[in-house]
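Line by line, the protein sequences are chains L and Z.
Counting in UniProt numbering, the first sequence runs from 1 upward without gaps.
Counting in UniProt numbering, the second sequence runs from 1 upward without gaps.
Calculated from the structure, these hints are not laboratory results.
This structure is a prediction, so every number in the text was calculated from the model and none was measured.
Where a beta carbon is used, it is the ideal one built from N, C-alpha and C, also for glycine.
Treat each hint with caution, since some may be false.
To be verified - Computed footprint of chain L on chain Z; a stretch qualifies when at least three of its residues, placed anywhere within it, have a C-beta under 8 Å from a C-beta of chain L:
no.	stretch
1	40-53
2	176-189
3	213-227
4	261-274
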Amino acid sequence: MVTPPPRDAPPPQGSRAPEPDEPVLRLTRLLACSAIEPRLAGVLLFDLEPHLIDPVAHLFAELLGITGPPLMLGAQTRDEDLWTRTRLRQDGGQVSVSTGPGPLIEADGRDGPPQLVVVPELTRLSVAGMRAAVQLLGSDVAVVEHTGLRHIARPRARWLAVCGSAEAAQLSPHLLDRFALRVPMAELRGARPRRLLTAVPALRHATEHIAPVSVSNDALGRVRTLLGPEAGIRRELALARLARTLAALDGDRAAEARHADEAARLIGLPGVAAPKTRALERGPSSGSSGRPGAGDRPDTDRDVPGAGREAEERPGGPGRPLEGPGPEEQVGADPAVVRDTPFPEDAVSVLRDFAPLRNLWQRTMGPAAARGAVVGSRRAEDLRDLAYVPTVREAAVHQRVRQTARFTVTPADLRSHLRAGASERLLVLLLDHTCRDAAWDWTHALTPFLQWAYTGRAAAQVIEVGGADAADELKAQSFSARNVLDPRVLTALERPAGRATPLAHGVHEAGRVLRAAFRQHGNALVEAWLVVVTDGRGNVPLTVSQSGRLAGQVGAEGVEDALGAAERIGAMDRTRVRTAVVDPAREPYGDLPFRLAAALGATVVTGRPAPETDDTGEPGER
Amino acid sequence: MSHAAGGVHILPYSRVVGQDELKLALELNHVVPRIGGVLMAGSRGTAKSTLVRAFALMAHGELPVTLPINATDDRVLGGWELDALIRGEARPQQGLLEDAALSGMLYIDEVNLLEDHLINVILDVVSTGVLSVQREGLATAKHLAFGLVGTMNPEEGGLRPQLLDRFGLMVAAEHLDVDARQRLIRTVLDFEEELAVAGSEWLAVAERDDAAIRARLEEARQRVRHIPVPDTVVRLCAQAAERMDAVGQRGEIVATLAARALAAREGADLVEPRHLQRVLPMALRHRRPESSFEWGFEDEDRVKDLFETV
Numbered sequence: 001m002v003t004p005p006p007r008d009a010p011p012p013q014g015s016r017a018p019e020p021d022e023p024v025l026r027l028t029r030l031l032a033c034s035a036i037e038p039r040l041a042g043v044l045l046f047d048l049e050p051h052l053i054d055p056v057a058h059l060f061a062e063l064l065g066i067t068g069p070p071l072m073l074g075a076q077t078r079d080e081d082l083w084t085r086t087r088l089r090q091d092g093g094q095v096s097v098s099t100g101p102g103p104l105i106e107a108d109g110r111d112g113p114p115q116l117v118v119v120p121e122l123t124r125l126s127v128a129g130m131r132a133a134v135q136l137l138g139s140d141v142a143v144v145e146h147t148g149l150r151h152i153a154r155p156r157a158r159w160l161a162v163c164g165s166a167e168a169a170q171l172s173p174h175l176l177d178r179f180a181l182r183v184p185m186a187e188l189r190g191a192r193p194r195r196l197l198t199a200v201p202a203l204r205h206a207t208e209h210i211a212p213v214s215v216s217n218d219a220l221g222r223v224r225t226l227l228g229p230e231a232g233i234r235r236e237l238a239l240a241r242l243a244r245t246l247a248a249l250d251g252d253r254a255a256e257a258r259h260a261d262e263a264a265r266l267i268g269l270p271g272v273a274a275p276k277t278r279a280l281e282r283g284p285s286s287g288s289s290g291r292p293g294a295g296d297r298p299d300t301d302r303d304v305p306g307a308g309r310e311a312e313e314r315p316g317g318p319g320r321p322l323e324g325p326g327p328e329e330q331v332g333a334d335p336a337v338v339r340d341t342p343f344p345e346d347a348v349s350v351l352r353d354f355a356p357l358r359n360l361w362q363r364t365m366g367p368a369a370a371r372g373a374v375v376g377s378r379r380a381e382d383l384r385d386l387a388y389v390p391t392v393r394e395a396a397v398h399q400r401v402r403q404t405a406r407f408t409v410t411p412a413d414l415r416s417h418l419r420a421g422a423s424e425r426l427l428v429l430l431l432d433h434t435c436r437d438a439a440w441d442w443t444h445a446l447t448p449f450l451q452w453a454y455t456g457r458a459a460a461q462v463i464e465v466g467g468a469d470a471a472d473e474l475k476a477q478s479f480s481a482r483n484v485l486d487p488r489v490l491t492a493l494e495r496p497a498g499r500a501t502p503l504a505h506g507v508h509e510a511g512r513v514l515r516a517a518f519r520q521h522g523n524a525l526v527e528a529w530l531v532v533v534t535d536g537r538g539n540v541p542l543t544v545s546q547s548g549r550l551a552g553q554v555g556a557e558g559v560e561d562a563l564g565a566a567e568r569i570g571a572m573d574r575t576r577v578r579t580a581v582v583d584p585a586r587e588p589y590g591d592l593p594f595r596l597a598a599a600l601g602a603t604v605v606t607g608r609p610a611p612e613t614d615d616t617g618e619p620g621e622r
Numbered sequence: 001m002s003h004a005a006g007g008v009h010i011l012p013y014s015r016v017v018g019q020d021e022l023k024l025a026l027e028l029n030h031v032v033p034r035i036g037g038v039l040m041a042g043s044r045g046t047a048k049s050t051l052v053r054a055f056a057l058m059a060h061g062e063l064p065v066t067l068p069i070n071a072t073d074d075r076v077l078g079g080w081e082l083d084a085l086i087r088g089e090a091r092p093q094q095g096l097l098e099d100a101a102l103s104g105m106l107y108i109d110e111v112n113l114l115e116d117h118l119i120n121v122i123l124d125v126v127s128t129g130v131l132s133v134q135r136e137g138l139a140t141a142k143h144l145a146f147g148l149v150g151t152m153n154p155e156e157g158g159l160r161p162q163l164l165d166r167f168g169l170m171v172a173a174e175h176l177d178v179d180a181r182q183r184l185i186r187t188v189l190d191f192e193e194e195l196a197v198a199g200s201e202w203l204a205v206a207e208r209d210d211a212a213i214r215a216r217l218e219e220a221r222q223r224v225r226h227i228p229v230p231d232t233v234v235r236l237c238a239q240a241a242e243r244m245d246a247v248g249q250r251g252e253i254v255a256t257l258a259a260r261a262l263a264a265r266e267g268a269d270l271v272e273p274r275h276l277q278r279v280l281p282m283a284l285r286h287r288r289p290e291s292s293f294e295w296g297f298e299d300e301d302r303v304k305d306l307f308e309t310v
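Build the full structure now, drawing on both the sequences and the hints.
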């Protein structure tokens with residue numbers, strides 16, 4: 001829980017707080033703009049260190065004048081937590097219930113500070129939370145029709161969200177677009193949390209003396225040049241509004257091109273040069289005591305010869321980094337590529353979930369229905385998984401009508417938990433990179449399994465053997481993913497081959513994953529597929545992988561260990577585990593995949609298409 | 001005045017830049033409510049929601065009855081006032097569908113994100129014209145009629161054909177050129193700045209322009225029933241629908257109604273083929289099998305000769 005620190009008193013006349021470093025100044029100035037201008041309500045920080053979320057929230061709360069804790073949203077956030085607030089009161093011998101606007105909207109239409117909403121990890125936010133952001137951020141009006149409540153008002157809440165730039169492309173563009181201020185904040189890494197608050201008194205003083213400001217045509221033209229022709233209307237409007245707010249903060253009457261430049265620099269738009277003169281050196285202007293941010297220390301990365309000329313030219317497009325692309329073999333999200341741009345999703349192309357703002361469309365009402373996370377309650381159909389508090393609340397509503405002597409719960413009051421869809425399927429993919437060659441693309445062989453996993457909303461576990469960039473080439477590497485759309489899965493499929501093949505460790509790891517999954521999910525796991533792509537040749541014995549020490553000749557020990565581990569998987573529950581071995585058809589030990597499949601009890605899938613024959617009837621080259 | 005309660009400020013309808021197709025569809029639906037509503041598809045940031053709200057404020061003086069994506073079924077169908085129930089009083093609370101029947105329009109923001117069970121409820125009511133509620137001690141059946149106005153961002157998923165067919169007209173938000181974008185941004189910023197100006201002349205002029213549009217539409221509503229639709233236009237409509245492989249007959253009926261509304265809006269005494277040609281894409285684009293909602297030059301060419309020979 002984040003609690004704001006006590007407010008600082010304004011600095012004594014003539015004194016100035018120690019000047020924090022440049023990223024801190026940028027951040028404080030941006031948050032001040034959001035605090036002043038409700039149309040800049042959404043602030044999305046990319047790559048902010050987790051330990052800085054709390055101090056940044058403090059800073060924002062301080063600028064907004066909020067004394068209470070912010071509203072934290074995460075994976076468990078439900079509509080019921082956001083839109084309505086039901087209060088139970090003991091009134092004499094009676095229990096009374098009242099329903100009013102929930103925490104997200106209760107400050108709308110009232111005096112006083114707005115609500116501060118903090119999303120520590122935007123990619124993990126629940127569908128209810130994402131929908132709330134889409135409904136409220138940048139909207140003229142918020143309409144809520146929820147459990148007896150009707151609410152129509154202008155949204156006032158400010159949102160502070162954090163997201164990894166490499167993961168941004170997984171999110172709905174619709175959702176990202178709603179955040180008016182989007183800023184890369186990786187460079188805040190070294191900042192000490194306490195220093196974030198040093199600029200607050202000056203900014204609070206400045207925000208209390210804001211006069212209406214117009215936007216010049218020069219500023220609008222500059223905004224368009226900075227963002228490029230492909231930028232959406234919302235991005236242009238957001239930058240223009242930020243420029244206008246900065247001008248107001250500085251006490252200027254109109255936003256000019258230089259304000260647009262400063263706005264672009266504040267949100268980290270690539271290619272915008274640092275100002276040639278420090279704004280602080282221009283002397284104080286009305287209502288801008290201290291003016292943090294206007295006189296930023298020149299950014300050393302951008303303070304290069306020719307930077308001034310760069311500012312006159314449009315950068316390479318919206319969100320396009322100045323650096324060249326990453327290494328060619330890098331297929332998935334590459335943090336080096338997407339950092340330092342406020343629009344990282346433009347630079348990275350990953351598979352995105354279909355309709356990410358819709359609730360899961362596929363759910364079975366089998367055993368898993370009683371195991372997922374609680375996301376609400378509903379009228380009970382049987383006595384399983386009862387939700388006691390909603391049941392009592394439902395009963396309380398009817399007490400006066402029933403006119404019974406004691407508090408009475410009838411079967412009609414019973415409520416049961418409504419649970420989020422949990423994965424009922426699991427795909428374990430064991431990829432032996434050393435079994436591939438230039439003429440064979442294993443994607444085609446794996447596509448049916450990936451399609452099964454996608455359509456069944458299966459969780460994915462990828463185990464890699466013999467990857468070129470493995471942290472330890474004697475060991476298999478493994479990661480779990482929410483589904484096969486996780487960009488790491490695609491990266492794994494494209495990873496180049498290394499030297500060692502710790503296949504035995506990979507098969508052993510697959511067995512461990514399957515056993516853990518069935519233990520963890522119990523009956524909820526309906527079906528699991530283990531798909532192994534290997535030629536069966538492993539040159540690292542299991543003991544070597546586990547100990548990390550290689551000594552002497554290994555012979556066929558690695559292969560035998562792999563077969564032994566496979567037999568243990570083969571002995572598992574055959575009704576829920578299905579296995580397949582994709583045969584890359586490599587000689588001279590073409591029988592090894594079949595031996596492994598026999599040990600697993602697996603189906604063998606022909607991975608490589610049959611050799612083509614040329615006109616002479618001879619097999620063509622592969 | 002283009003303001004609403006709760007400090008809500010909506011850009012005046014007459015000041016919305018571009019989106020002529022969207023505006024035309026809303027106005028035609030207002031002149032002839034039997035058209036059955038409008039679906040607006042467009043990517044994010046194309047002022048779809050702003051336009052609908054601005055139109056409702058201009059035409060009716062209040063915000064539209066809005067069904068948000070997270071509405072609960074008690075608010076859609078109606079139920080009991082909870083606080084009154086606690087006090088031992090049974091006081092029914094009217095649902096959104098009944099509210100919509102009073103105003104004639106139900107606005108569904110992000111219609112493609114609406115939960116399936118709510119879509120089913122709305123489809124039931126719109127197709128039968130009856131809201132029947134048998135739940136939580138309620139037992140009512142009411143005749144309701146209203147037009148659906150919805151906005152959707154196709155990036156977030158599609159809509160079932162049954163629901164698509166319930167929208168009389170469908171339009172796609174237009175892509176603005178550089179000049180239009182500049183005017184749009186300038187207008188939005190000016191509007192925001194004028195809100196802080198006491199007795200703003202800018203807002204007063206915009207309000208007068210809105211009033212003029214409202215008066216023109218009201219006049220069209222009065223005239224439309226007296227405007228005949230020649231048989232040649234009806235036949236043209238049937239031929240065009242056949243060529244475009246439109247599913248069902250609702251598209252032809254809606255196209256004829258919309259052509260008549262357009263004639264009334266233009267002050268014409270008779271529905272002419274050009275009126276029909278103008279509204280044909282709106283009425284048919286979402287009623288074709290495997291449609292991507294596009295209406296391009298090829299589609300124009302398929303029906304062009306029909307209108308040239310008249």
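Of the hints stated earlier, which fail here? Hints 3, 4 contradicted; others consistent.
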